[in-house]
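Chains as they are written, first to last, in my numbering: chain R, 1 to 116; chain L, 1 to 111.
Hints were generated in silico from the structure; no laboratory data involved.
Keep in mind that a hint or two might mislead.
Unchecked claim - List time: in silico BS3-like cross-link candidates among lysine-lysine, alpha-carbon distance up to 27 Å:
| # | chain 1 | residue 1 | chain 2 | residue 2 |
| --- | --- | --- | --- | --- |
| 1 | R | Lys41 | L | Lys103 |
| 2 | L | Lys3 | R | Lys42 |
| 3 | L | Lys3 | R | Lys41 |
Just so we're clear, the structure is a prediction, and the values are computed from it rather than from any experiment.
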Amino acid sequence: GAVVSQHPSRVICKSGTSVKIECRSLDFQATTMFWYRQFPKKSLMLMATSNEGSKATYEQGVEKDKFLINHASLTLSTLTVTSAHPEDSSFYICSARDSRQNTEAFFGQGTRLTVV
Amino acid sequence: DAKTTQPPSMDCAEGRAANLPCNHSTISGNEYVYWYRQIHSQGPQYIIHGLKNNETNEMASLIITEDRKSSTLILPHATLRDTAVYYCIAPTNQAGTALIFGKGTTLSVSS
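If we strip away everything but chain R, and leave its shape as in the complex, we get:
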């Protein structure tokens, strides 16, 4: 299947700093990318949907000023967790699909964020 690369796989940061997570589609054009977060023993929760070149659409309860999403190209989306706090510690996962093809979505490997 298609490959989605997410980086970094793990990151530890201090409270108050910002962290950027990258998500790249390696062999297809990702017109739409999705960001999820997952707490231990819970299912994935959709945070936001972004279409290339447009502003992201955030799910209810997700602060757009805290979780900045950029999707400036068809192969790259970034999620920046601004002014991170310990409660932001979680597993963040990106997903990408080419909506023009109506194919399945593919997922990155996930990023384990720990805020200390």
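Given the structure of chain R, go ahead and fit chain L onto it with the hints provided.
For chain L alone, kept in the frame of chain R given last:
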């Protein structure tokens, strides 16, 4: 998305077939059924999807009932590496629609 219902957990002996059921009684005529799995601390992995007909690929088979109200994912010869949470999803058939994950079925394969 059509609501899907899956058993919370299942056990399977290594080498045997694992049959994972999913109910999606409210599915619309043009909504596909997708199956993904998530192995611990990894991103979800696409397995298979189908609309009406049964589907098979190198990973699994998908059997969809004629009325499309339920389906079964079959792993023909389960291995220890198939231990994972399996998600059955029936997303709204619109371009750009996100997959919404339920609780899935935790499959435990043991030797």
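Does the structure break any of the earlier hints, and which numbers would those be? The structure conflicts with no hint, since it agrees with every one listed earlier.
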